[in-house]
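A.B. asks: Okay, here's what each chain looks like letter by letter:
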Amino acid sequence: MKKTLYMVIRNLAAWVISLISAAPFLLILFNSLKTSLSASDMNLSLPGLPLQWGNFLEVIEKGKLVGSFINSCIYTFGSVALCCFLSSLAAYVLARNHTKFTRAIYLFIVLGITMPINYVALTRVMIFLNLNDTQLGIVLLYTAMQIPFSIFLIYGFVLKIPVELDEAGIIDGCSPIRLFVAIIFPLLKPAIATTVVLTFLNNWNEFISPLYFLSSSTKWPMTLSVYNFFGMYFKDWNMVCADIVMTSIPVVLIYLFGQKYIVSGMTAGAVKG
Amino acid sequence: MNKKKVYPFYFVLGALALYTVLFVVPSIIGIGYSFTNWSAYSDDLKFVWLDNFKLIFSAEEDYMDIISNTLKFTAVTTVLKNVLGLALALLLTKSIRFLNFHRGIMFMPSVLSTLIIGMIFKSILDPANGLLNTFLRSAGLGFLAGKWLVTSELAFGSVMAVDIWRGTGYIMTILIAGILSISLTYYEAAGIDGANGFQKFRYITLPLIMPTLATTTVLNVIYGLKVFDMIYALTNGGPGRTTTEVLYTAVFKRFGTGQYAAGTALSSVMFLFMAVVGVFMIRVMTKGEVAE
Chain A
1 MKKTLYMVIR NLAAWVISLI SAAPFLLILF NSLKTSLSAS DMNLSLPGLP
51 LQWGNFLEVI EKGKLVGSFI NSCIYTFGSV ALCCFLSSLA AYVLARNHTK
101 FTRAIYLFIV LGITMPINYV ALTRVMIFLN LNDTQLGIVL LYTAMQIPFS
151 IFLIYGFVLK IPVELDEAGI IDGCSPIRLF VAIIFPLLKP AIATTVVLTF
201 LNNWNEFISP LYFLSSSTKW PMTLSVYNFF GMYFKDWNMV CADIVMTSIP
251 VVLIYLFGQK YIVSGMTAGA VKG
Chain B
1 MNKKKVYPFY FVLGALALYT VLFVVPSIIG IGYSFTNWSA YSDDLKFVWL
51 DNFKLIFSAE EDYMDIISNT LKFTAVTTVL KNVLGLALAL LLTKSIRFLN
101 FHRGIMFMPS VLSTLIIGMI FKSILDPANG LLNTFLRSAG LGFLAGKWLV
151 TSELAFGSVM AVDIWRGTGY IMTILIAGIL SISLTYYEAA GIDGANGFQK
201 FRYITLPLIM PTLATTTVLN VIYGLKVFDM IYALTNGGPG RTTTEVLYTA
251 VFKRFGTGQY AAGTALSSVM FLFMAVVGVF MIRVMTKGEV AE
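Respectively, the protein sequence lines represent chains A and B.
Mapping of the first sequence onto the working numbering: residues 1 to 273, in sequence order.
Mapping of the second sequence onto the working numbering: residues 1 to 292, in sequence order.
Just chain A, with the same shape it has in the complex (with noise of 0.2 Å):
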């Protein structure tokens, strides 16, 4: 009897909490089928039928999503790619070649975890490399961000390779990138897989570095232009959730699809087991 209390108890509670996580994400979604007046005073009731899917059209239209869409497919998928190639390259030799020197800028390396950019400052150094608000320089921004914790994922990944392979492989007359390219990588997937997970969302969603660095509103990602979009249209709401949905969709379907390597992602480095 106790028991079953207990479990009561505890599938309700859980209930609850999850009904408090999502009900923030139910109110833009139902507003975003809304009229503008229904959608006014922003509440859990359901979309009065007929649903508005043409606030999605007007949307597109009004907040330039396409152009920002674009954008935001150039900088992640851009930075996801140099970001994989470059971090898996150094973590691989950083982690086989142990010696001081390697770990001390493997160490340093890492620090960039924690570090805070130095935002001002870097306005100086994107002016001198001509960087400042152009794409390449969003996207060479992305990568050097997101490099630390790449190298850290994928270094502790390739420990685990047995280092018998790369002794076969020189043995049977690889060279270092046939090494590379026909044997470690591709026994790296799993590790590059959550890599590219994670560096995806976080750069889709990145807001700060366009803030400083892209003064032409052009170039703008789409999180850029959905704050834009919200102080221009705040009493639209339902506008203003039809922008917010359309631009967390890539960010949720990554999510749905690579849950798994999220979770052993964010809990490398947090779990030893």
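Hints listed in this document are in silico derivations from the structure and should not be mistaken for laboratory results.
Among the hints, erroneous ones may be present.
To be verified - Quick list of the computed label-pair ranges, beta carbon to beta carbon:
(1) ASN236/B <-> THR218/A: 22 to 32 Å
(2) PHE85/A <-> ASN2/B: 24 to 34 Å
(3) SER183/B <-> LEU46/A: 40 to 50 Å
Stated by the list, open to error - DSS-like, lysine-lysine: derived pairs with alpha carbons at most 27 Å apart:
(4) LYS235/A <-> LYS260/A
(5) LYS189/A <-> LYS3/B
(6) LYS4/B <-> LYS160/A
Quick caveat: nothing in here was measured; it's all calculated off a predicted structure.
Glycine is no exception: its CB is placed at the ideal position from the N, C-alpha and C atoms.
On the provided structure of chain A, position chain B as indicated by the hints.
C.D. replies: Same frame as chain A, now just chain B:
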């Protein structure tokens, strides 16, 4: 096997160069610039030595409020996210129906953009017709309905509460992984010895997830000191001059008004904080990393 030849150092150079140029160099020259009068209004750069720091640590200016806000935000959110995250992790490692569904939903807030969450809660916490006050009034708890983000008494607490709502699921997920890595034999042995649920938690679970809690604490501290998006979207430092102003939002304001030297000096103060946290963090995270 010649390690230098098989594992050539030029593999490292791309990542190292990008990281150094865009991450480390700005921090270093930033410290240099914080001793100057760098601003948008004058072209001649002069050394003013410690003037910027004297300004920051002087009693007349509100910089100390900004620093103490940042520390307060960090301390409160870290403690509460850990406590609530642990409670949720304990709940969601018991037998519950739809366990993975609940875990997935509670983790959701950590995936979405912090900025967007800030925007959503700006609506929810609206005093007149926000979801929270409407709900409280309809539940007969109208006396609890407050002017969340707009009065100086409630603003800081509201901002921290939203951030705790956002970040607890993430901490929960890490702690669940920590709890699940504890061998069941400990619990069985304790059960045979007649330990009750609380004793099992106190003498088995808690000591064994201490390392995990250390990591979540460090993660929270790093996040808290660097918080920007959340506060920028919710209050942008207001109401008033510095009610919810933190380091990163203050730096951005100095940048916007062209007071570059003050901005970079504040960043450098932050850099020093984080260097201390960072060294500790790296110790926690790289513990047990051994090459073959």
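A.B. asks: Give a verdict on every hint.
C.D. replies: Cross-check of the supplied hints:
1. ASN236/B <-> THR218/A: 22 to 32 Å: holds (25 Å)
2. PHE85/A <-> ASN2/B: 24 to 34 Å: With a Cβ separation near 25 Å, PHE85/A and ASN2/B satisfy 24 to 34 Å, so the hint holds.
3. SER183/B <-> LEU46/A: 40 to 50 Å: The hinted range 40 to 50 Å holds for SER183/B and LEU46/A, with Cβ atoms some 47 Å apart.
4. LYS235/A <-> LYS260/A: violated (39 Å)
5. LYS189/A <-> LYS3/B: At roughly 24 Å apart (the allowed maximum being 27 Å), LYS3/B and LYS189/A satisfy the hint.
6. LYS4/B <-> LYS160/A: holds (20 Å)
Of the numbered hints stated above, the single one contradicted by the structure is hint 4.
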